[in-house]
Each structure stands twice: as structure tokens, then as C-alpha cells.
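Using the sequences and the hints given, assemble the complete structure.
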Amino acid sequence: MKPTSPLSGSLTGITAPRPTRRGLLVGGGALGLSGFLVACGVGGGGGEKGGGGSGSGSIRALFMQQAGYSEDNIKEMTAAFMKANTGIKVTADFVSYEALHDKTVAAAPAGTYDVVLIDVIWPAEFGTKNIVADVSDRWPEEWKQQMLGGAVATPQYDGKFYGVPWILDTKYLFYNTAQLEKAKVDAAQLDTWDGVLTAARALKQSGVQYPLIWSWQQAEALICDYTQLLGAFGGTFLDDAGQPAFNQEGGVAALEFMRQTIVDGLTNPASTQSLEEDVRRVFSSGQASIALNWTYMYGLANDPKESQIPGDVAVLQTPSGPVGRPGVNGSMALSLSATSENQDAGWKYIEYLTSQPVQDKYALSSLPVWSSSYDDPKVVDTNPAVVPQAKKQLGDMILRPQVASYNAMSQVLQAEIQKALLGDKEPQQALDDAASEAAKLLES
Amino acid sequence: MRPSRAYLVWIHVAAVVMALVVLAPFAWLVISSISPSSELLSPHPHWWPDHPTLERYRAIFSSGGGDDVAANFRAAMINSFVVATATTVVSLVVGVLGGYAFARLRFRFRRTSLLAFLAIYMLPPIALVIPLYLALANLGLLDTKIGLVITYGSIVTPFCLWTMSNYFLSLPAGLEEAARVDGASRMGALFWVILPLARPGILTTGMFGFLLAWDEFLYALIFTSSTDAKTIPVAIAEFTGKHSSDFGLIAAGGVLATIPPVILALVFQRYIVGGLTSGAVKG
Amino acid sequence: MTSTPRAGGRPRVRGGYHEGRFALLLLLPAAVVVFGVVLWPVVRTLVVSLYDVDSAMPGDYPFVGIDNYVQVFQDDRFYSVLGHTMYFTLVSTFLELSLGIAVALLLNAPLRARWLWRSIVVLPWALPTIVNGALWRWIYNGQYGALNGLLDTLGISQTPTQWLGEPFLALNMVIIADVWKNTSIVVFFILAGLQTIPSDLYEAARVDGAGPWRAFWRLTIPMLAPSIAVVLILRTIEAFKVFDIIYVMTGGGPASGTQTVAFYTYLQAFSNQLFGYGAALAYLIVLAVFALAMAYLRILRQNEMAGVE
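Chains as they are written, first to last, in the numbering used here: chain P, 1 to 444; chain A, 445 to 727; chain H, 728 to 1036.
Simulated from the structure, these hints should not be mistaken for lab results.
Small disclaimer: the values here were computed from a predicted structure and weren't measured.
Ideal Cβ positions, reconstructed from N, Cα and C, are used throughout, including at glycine.
Among the clues, some could well be false.
[Said to hold, decoys possible] Within a straight-line C-alpha distance of at most 27 Å, the following computed DSSO-like cross-link-like pairs (lysine-lysine) qualify:
{"hint": "1", "chain 1": "P", "residue 1": "129", "chain 2": "P", "residue 2": "83"}
{"hint": "2", "chain 1": "P", "residue 1": "378", "chain 2": "P", "residue 2": "392"}
{"hint": "3", "chain 1": "P", "residue 1": "348", "chain 2": "P", "residue 2": "392"}
{"hint": "4", "chain 1": "P", "residue 1": "75", "chain 2": "P", "residue 2": "378"}
{"hint": "5", "chain 1": "P", "residue 1": "89", "chain 2": "A", "residue 2": "589"}
{"hint": "6", "chain 1": "P", "residue 1": "75", "chain 2": "A", "residue 2": "589"}
[To be verified] Pair ranges (Cβ atoms, derived):
{"hint": "7", "chain 1": "P", "residue 1": "423", "chain 2": "A", "residue 2": "711", "range": "50 to 60 Å"}
{"hint": "8", "chain 1": "H", "residue 1": "1017", "chain 2": "P", "residue 2": "57", "range": "46 to 56 Å"}
{"hint": "9", "chain 1": "A", "residue 1": "449", "chain 2": "H", "residue 2": "806", "range": "50 to 60 Å"}
Rendered as C-alpha cells:
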């Protein structure tokens, strides 16, 4: 008999409680939930593939609560959608970003959700593992021209589309204008990473103990910062053959740059324990002059309720390195769950949420994926400081590796980069070690 | 013999030291919750805020506003309380009965069964999340309090079984025998003789069982998605993510989340202490 | 008197209907509540551990026998996280137990307003782990943290320390946070155990000329052995499974220094969707805790024998 997967068959084979000598316990168990499962005849456990459905009915969607559109925004959009599509009832659930991946994975076999929000690093994983549906056939050809390049790339893997881009983001350089002025640093210097270093030295002399703060905790946030520097220094994650290449020139130079800022006392040593919100906290309290962060920090760092430096915050494109200035692609897309029975209705919902009018209306919360929006004065007016920078930056973005085992690879890289940052390993050595681990992961 | 004066002084000094160590971090939580964020972010901590504020508590308790943190938080408190109480009651009842069997009765596979229960307790929840999710989904129990109670029962019950069986072992032997001689049935002896004696043990176990359920995070995170069933740890983790730059808000949520178990502990402690002192010991 | 699950049990009442039947009656509800819920998940996870399952979705995955288990033992990262977990478990349970016994003895002494001291000890227990983790992360914060502030105020150190900035230091700091919260449960179980020691035993020991130190080792500890066994095993299990506080405080960093087996299992099973491998890891955790628990029981039983003299 060919061994079949424990996940594919009916549950009955496993659940049927056989009377054994330990009848006391097992027999008791049979009365409970497991027995219930058998009685309900739920074989397959959601194994059947999803379907289009009638294009109406109830759907359930999973969103996150952080940055980008707020819960209230999404509820408003959803209410408007239901008003326009009376046959569809949408229930929206919200979780923190940290829980989004795990919840999507756990819910996938049961088919709880029809629409899920996915991060740019997940299409490869979720696509190959059959968690979200391939929607290439539904994707209108003209979107590829009408959306920004970085947006189009977000839900793509292996030539297929696994969703529609919705939240577009990258990391910008924020600086404290008052502190720069006091240190007599010209903001134009911040156009290159070299200039940032010079500025940081001047700032340190003028009394800012640690001018730079980063999100370098052992987490994905670290890879986002590293990616942006890797791009600037001309590195790539994978070469054309798909093999790890971050341990070559640009990748190593980026890490050496990071380490050196710590050695020189320019980077706050708390960086290696900081996430984006910690960066915002330190920057907003005036204890760092320069920081990389996502778009959302601009509004909050200028908000007197959230910040001690309102009015002193300016935003720039990410500085350029020797090779260029790509921003890390930190976008997110809306996908159809592969197990959804109601994909047609889900698609209508996605189409609505990602449509240009809706995105333009909520541009203050999150910038649209549509190129022409950036020339629309109404959109520009929502955030006059950020939109011009975004327009420049969002056309030039660098992706983290689009591979199915990305998460595992990222964990390896995070650990090794941290070892280099803490001075336990030379950057070259750390990246070589990470590369050999990553090569193994890519093989399997 | 009366304790010497030096001894009395010594133990009170020790008690004060202990109290300081226990209370200091907790006090810092409370102080942080009433410090304006500008003071929280000063390079040197303000041990007492210059401008104490109850703003965060007001934000949690006044309805409306942004994403309605308040309503979510209140719902989560109630959910947690209902879930933890129901779990504790169920687990305690079955755990006391089973614990008694393990402690006082002789039967085949006694040791094996006890170890089987303990082994379930040893399994990390991560391992069971996916199949449990599927089971709950099939039964329509996802995002329900009942679903959580069922799940938590499987963790808290082995805990109650293990602690209760050991507690019963510490009770004097032969009590049942005496009761049986007086004509009580087996069940009668258990209910009228053993259980009243075991009250301190039952309450202590219940108190700690309650927290296992109150504290549980991973299952709740994955199995709940709305205010119908989200529990306190999930609610706090959510606004940790969203407002993590303001530790004060997390602190305020934490202080509030601590109140129900503390009240419970204070209420039941009287009985625990009462039960303990009415026992064999008199100092 | 023993707390160990020693076969044969303790005093029984004869007569009536068969004891086994009564035991069955008493145990059935617990069995339903526990195994009714987890039996299928437990079996399924065991089966999954024998397949190369790399997705949450149903599908045909190759049967690999014990390959997943073999792979665990060839995984360098596993040994490193196992090391952290063992260290965390041994150090935290040792500290919780010794502090717990000390505090319990103190609370059992003739203190004034005993209820007050006991209430204070309950507090950390009532703080949800998620908040406890966030609190200590905040206390340890290199920039604004109270710990650096305190050392500065007391004039001990002016240079701020990054308490969670070095792998080994961070692991120890996480242990402190864990011990602060969980000593509570030890105190109460030991306190309950202390009530069962008849005071005339101490009288007798005193008459025999034993000092308090000797009485403690020769009388209190052996008499407490059952309670110690209970909490030791409970805390060992919990410590070995430690996840929440790591998740909140360090995310496993810096440089993987605070990654534990349970956290690693989470990464492999959830983030990387290697469910077969994750399931194997989970079962190895059970085996490891089991071995540790059995070792403790053996030691305690010997200790107890020695104490009875």
C-alpha cells in the first residue's frame, strides 16, 4: 500500500477510537471532540479545492491593524462596498502584523478566510504551498502599465500573480531638522550614505550621543534595513542562477557599513534590540537625528501627541550608495485564499478595495498603487511632504528573494547579520556562513 | 517557646526586602501607566512623574475614538474572565475526581494513565494548533468562548489532576475507612469527608489553574478573531503592536489585566489561609 | 508519604464494588475533557512527524519514517537551542525553587499581618506573561530603562548597559523576568506542603539537639519532598516549553541567543511551514521533559528515603 499523506485522506482513519486495553482513557476520549469529528463526517478537513462560487453570499477577510489603512478605514471601505454590492456580505477580521502569517497558515486548511492580506515576502511561499490562489487569469493586462512597477512585482512569483497590490511602502530617510541645523549640517548631504556618515559625525560632536537608530532586532525588520543598504552598495541576494550572492561585494560592504557605524559610536547600541516602533520612539523623543523607517513615521513623528519633535521632522528618499538607491519593497497585497468557496465574490471585494478612487480617497493612510494618482493634486495635497519623495522612490524598489523557503532563509540571515553586528564574527565570515546555509535551504 | 525578639526583627526585615523585590517592577508598571510619554522617554527615568496622568485609563474606559481600543479591551476582559472561570470550574471538578482516584485507589494502568495526562501537558501548544484549528472549525467553534474553554480544559485539567493527586496523598490515610465504618458510601466518603479537608488544596490549584487559562496566548491568538472571543493577552498584544512606542498604554492595559486575578486571589486566599491554619499546624 | 506516581497507590478502602470500577468512574470525566479534545490532534501530529509535510494544506506528502527525527539530531541549530533551553530550564527552576522555599518559610514564620505579605507574593503571578515580558523589556531598555536608571541613581554605574544586547546576558535577563513571575506558584505550593509537617517533629528535633539548619535539611526538606516534586515537575515542563516571554522580550535574539526549543519549533512549523519537522521537534520536547522529570523524581525519592532514616 502506498503510504498516503496524513493530511489528504479522511479523518476517520485516524480518529476511529479502537477499544484497547487502555480503554479507560481512549474510551473516554472517544466521547469527546474527536468522536464528534467522526460523527460529523468531516472527512477531508477542508482538503477540497476552493471554487468560484456564485459571486455573491458571505465572505470573510483577514487584515492587519498596523500601519497603512486603519481598522476604521477598512470598515468604511467595506461598508461602502456592501452598499454597492448588496448580494455580498463581508466580515473583516483584524490581527497584528506579527500574527498575520501564522493565522493565514492555520486557517488555510479549514478555509476560514476568502480574502487575505499578504506581505510581499509571502507570494512564493503561499503560492507554492497552495495557500493562496493563482489569479493571473483575473488580472487585467492594463493594470501592469497603470500600476507602479514595485506594486506589480509585489504579488508576483514565478510569472504568476497571487494577489493584487494594495499597500505600497518602502523605507525613507527621516531627519530632525533642528538637530541638523544646530550641528550645521546641510541636509543635502543626506543624499548619499557617505554623506549620512559625515553628518552623523558632526551631529555626534554637536552633542547627540547616538545620531543613528535602526530596526536591527533579530526579526524581518533587520532584513528590510539590510536590503535597502545591500541595494545601495550594489549587492544582490541571489545571482542569476538563483544561488546566494549576498556574501559578495555589495552585500558584504553593506554589512561592513552597518557594523562600522556601531564601532564608531554613531549608531545607538539599542538598535540591535529595536523594531520599527522602537526606532520611532527614539527618533520622536529627539534622541536620534537620522533614521530609516516606513512612511507612517512621518505623520506620527510630527504629531504633538505622539512626539516631542513635531515640526522638526523632514523626509527624504533613501540615500544612494556607490551603485544606486533602491528602497526595500515593503508592500502588501490582497489575495484570494485557495480554499475559498466564494472566490468570485472575494475578487469583487479585492477589485473594489484596490480601485483607484478608493485608494485616492484614503491616500492619507496609505499611498495608492496607481501611477497617475501621484500627479493628482488631491492625492499630493494629502501628504505634500511624502508624496513627492514617494513618487521618486516607489519606482525604484528592491525585492527580498522571491523563494518558497524565504522565511527560513531570512532567519539564517538575521542570525548571522546579528553576529556580525555584535562583533562576534567578521561580516564576510557571517555572510559566507549564511550563504552556505541558504544554499542548502534553496536546494531542498 | 516564644520566638526571640531578634528572630522577629530578622524575619520582618526579610519580609520587607522580599516585598521590595516583588513590588518594585510592579510599581514601575503602575508608575509608567500614569507617566506622560514625554517623561517616560526622558534619558533618566522619572521615579515619580512630575505630571501624573490618568489619560490612558480614560482612553481605555471611554468609548468611541479611533479604532475603539476601549470597547475591544473591555470585551476582552469579559471574555477572558468567562473563559478562565469556566475552564477552571470544569478542570477543577474533573481534576479533583481524577486526582483522588490516582492518589487513593489502586487500579491497572494507574501510573501509565497519570503519565499520559502529564505527557499531554508537556506537548508544546505549537504542535497542536493546526489540527485543533481544523477540529474547531469543523465544529463551528472557532472564535467562540466555548471553543477556548474546550481547548484550555485540555491544558488545565492535567495540571489540576497532577497537583490534586499529590495533595490528596498528603492528607492523613484512613479517613475514608473511618467514614465507611460509619456507613458512608465510597462517593459519600469522598464528598463529605475528603473534599472539605482538601479545600485549601482545591482552592490553591483553582487559583493557579485560573491563571493558566487567563494567561494563555498562542491558542487564543490563532483561534479567535473578533470581540466575541478575543482574550486579554491577545488584546494587549494587539495594541502592543499598534502603539508599542508608548509603553505607558501597555502598562495601563497590564495593570487592568492584573486586577481580576488579584481580586480572585485575595478573596480565595482567606479560605486558603483559613484552611491551612485550621489544619494540624499551630505554631 | 510520596508524591511520585508510584504504582500500587496508597491506602485503600476495601469492600464495596470493585476499586477499578470506582477509579474508572472518577477518571472518566477527566479523560473526556483532555483526550476527547487532544487525542486526534496528538495522533495526527505524530503521524505528520513521519511524513515530509511542508505545508499546512492537505496533499500527498512522501512518507519518510523517522527521517525528521534523524534530521533534528543532525541540525546544528537544534543543539544550540537545546542548550539554551536546558540552561533556561535548569537555572530558572533552580532559582524559582530555592527562592520559593525561602519565601514560603518566611511566610510561614510568625509574621505580623501575614495576609499582607502573602498578597504581595501573589501579585507577579497575576500579571499576564505578555505584559510581564513587555514590562521587563522596558525595564531593561538601554535607553530609558529603569534598571540602568537605578544603577545610575545608586551610583553603581553610569554607563548604560544593553541588557538584552548580548546573547548570554540576554538569556539570563529573560530568566530573571521569568523567575520574578513564577516564583509565586512555588511559594504557594511549598506553603501548602509546610502545613502538613506536624510541629511536634520540630520539637523532637530540637530536643535531640538539632540546630535550625540541621532541622531544615534533615526534616523540612525531606518532608517537603512531595511538594517539591510537584512544583519542580510543573515548572520544568513550563520552562522547557517557554515561548511567550521570549516572543515578547527578544524574538529569539540577539544572535539567536535566546532561541529555545519551543521557539525554534514555532519558527520551523509555522514560519517555515515544515510541519513534519516541527512535529518531530515537538515530540522530542516531550521526551526530553519526560526524561528530566523522571530524573528529578528518582533523585527526590532517594532524598526522601535518606531523610526518613
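Status of each hint after checking the structure:
no. : hint                      : verdict
1   : P:129 / P:83              : violated (35 Å)
2   : P:378 / P:392             : holds (18 Å)
3   : P:348 / P:392             : violated (31 Å)
4   : P:75 / P:378              : holds (23 Å)
5   : P:89 / A:589              : holds (24 Å)
6   : P:75 / A:589              : holds (24 Å)
7   : P:423 / A:711: 50 to 60 Å : holds (53 Å)
8   : H:1017 / P:57: 46 to 56 Å : holds (49 Å)
9   : A:449 / H:806: 50 to 60 Å : holds (56 Å)
Of the numbered hints stated above, those contradicted by the structure are hints 1 and 3, listed in ascending order.
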